[in-house]
Amino acid sequence: MQHIWIVLGVLFVLLNIAAGLIWLERRMLAMWQDRLGPNRAGPLGILIVLADTLKLFFKEDWIPPFADKWVFITAPAIVVASVLMSFVIIPFSPSIIVSDLNVGILFFLAMSSLGVYSIVLGGWASNNKYSLLGALRGASQMIAYEVFMGLSLMGIVMLTGSFKLSDIVNAQKDVWFVFKQPVALVIFFIAGVAETHRLPFDIPEAESELIAGFHSEYSGMKFGMFFIGEYLGVTLISAMTATMFFGGWLGPAFLPPWAWFFIKTFAFILFFILLRASLPRPRYDQLMETGWKVLLPLVLLNLMVTGAIALWIRG
Amino acid sequence: MFSHIRTIWLTFLHLFRKKVTIEYPEEKVKLHPRWRGRIVLTKDPDGGERCVGCYLCAVACPVDCIALQATEDENGRRYPEFFRINFSRCIFCGYCEDACPTYAIQLIPDFEMAEYNRQNLVFEKPDLLIDSQGKYPGYNFYKVAGMDAGVKQKGEGENEEAPVDIHSLMP
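So the sequences go chain by chain: P and C.
So the first sequence is residues 1 to 315, counted in the numbering used here.
So the second sequence is residues 316 to 486, counted in the numbering used here.
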């Protein structure tokens, strides 16, 4: 019974965070651009979330006659489902975790790879050249960055000797992994930004080049699902960064463990928004080149050095 | 790489800057005295209408939003029988003010003219006429013009000499 409550609670909190990020992102982007942002509806403008959602619900839910109907409908669901599945293995606190799988990290990587299907299928089913271009870009970008997203976490797995996320958090009781694996952190975060195709790596959407990329043809709540998927992805990568590198729920005892987890996660969500506010989008070939020619050798080198030191210490 | 980090840091510092947003309904925009907003018809210092119904504003108007009909009173003083400005067409260019020979039509710093009904944007003469001299206090067209329209006698205007006595031989 308690298990069901945890599942429902996690789902409730996550969907609310994803919706609240609409407000947080617009507010913070405005602040960083010397504006104020939405501040009219409700206290500090937080009810803009409600207004935006209502607007999306009342919009015409249009399926283009030239689209592949069933694939078109399925695609937005895939992104939300796959990202929500990843949250299964996130330890919010020692007791609040849906399932502490012993293949935790692999499960996370697998589920985040499934997310690429929504981009490819959405772009393909739209039957629109811009959508297809966006989908192609999305697919190649996500495949490229997935490779070393996984590899960057392997250093931690080596040091911990476990794929289980609760083991990884407990291994950081003395020193957070950010001090042992700084290169891995940077690469994981860059890959995470590319995975969630957030700015500056929003190549699949790239509104100045591709209208809205893979979701050009989507409207109403289907578009909203892509949006929720994106915000959930941001939350997921932030939560993973906090768990893997910044000690997850660990922190001084004056706050409960879940509070430490949320503070750390929100710090990274804010960093995501800051990245969007500050950096321009790279060219497509530059993105792929950095991925394969710089980050991949770097992460392999990091892996090699980590392995060597780990072996040397163990003697 | 360093430049990226610097960019991110500088953007972050903007959080503490003063915001440029003016929170409009509570905080008004500062408008300059010659800001071109709502159009009014002013009156001369004696309380008479300045407009002489010359149609120059209607001709100058690039969107043809001004309509008027001139008429005369028993003294021969011209005034508009009706004066109508359709503000839903007006582009606030100020050409009418430039064209006006009597400083009658003027644009004032007021832009808050939103209406629910489009017809309410058509202003008639009572809506346009204000009890003020606007930007040119003390100016009365009929006191500088040579014509007698019940405001002054011949030769009594400002900067006007008495008419030449054609029956006298003196210069």
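Hint data in this document are derived by calculation from the structure and do not stem from the laboratory.
We treat Cβ as the ideally placed atom computed from N, Cα and C, and that holds for glycine.
Just so you know, not all the hints are guaranteed correct.
Quick look at which bits of chain C chain P covers, simulated, 3 or more residues with Cβ under 8 Å [what the hints assert, rightly or not]:
#1 335-343
#2 400-411
Beyond 10 Å from chain C on every Cβ pair, some chain P residues (computed) [what the hints assert, rightly or not]:
#3 19
#4 31
#5 32
#6 33
#7 34
#8 39
#9 48
#10 103
#11 132
#12 274
#13 275
#14 303
#15 306
Just the calculated beta-carbon pair ranges, DEER-fashion [claimed, not checked]:
#16 P:57 with C:335: 31 to 39 Å
#17 C:425 with P:200: 13 to 21 Å
#18 C:391 with P:36: 36 to 44 Å
A quick look at each hint next to the structure:
no.	hint	result
1	335-343	holds (count 3)
2	400-411	violated (count 0)
3	19	holds (23 Å)
4	31	violated (5 Å)
5	32	violated (5 Å)
6	33	violated (7 Å)
7	34	violated (5 Å)
8	39	violated (8 Å)
9	48	holds (15 Å)
10	103	holds (34 Å)
11	132	holds (31 Å)
12	274	violated (6 Å)
13	275	violated (7 Å)
14	303	holds (21 Å)
15	306	holds (21 Å)
16	P:57 with C:335: 31 to 39 Å	holds (34 Å)
17	C:425 with P:200: 13 to 21 Å	violated (44 Å)
18	C:391 with P:36: 36 to 44 Å	violated (59 Å)
When held up to the earlier numbered hints, the structure conflicts with 2, 4, 5, 6, 7, 8, 12, 13, 17, 18 and fits the remainder.
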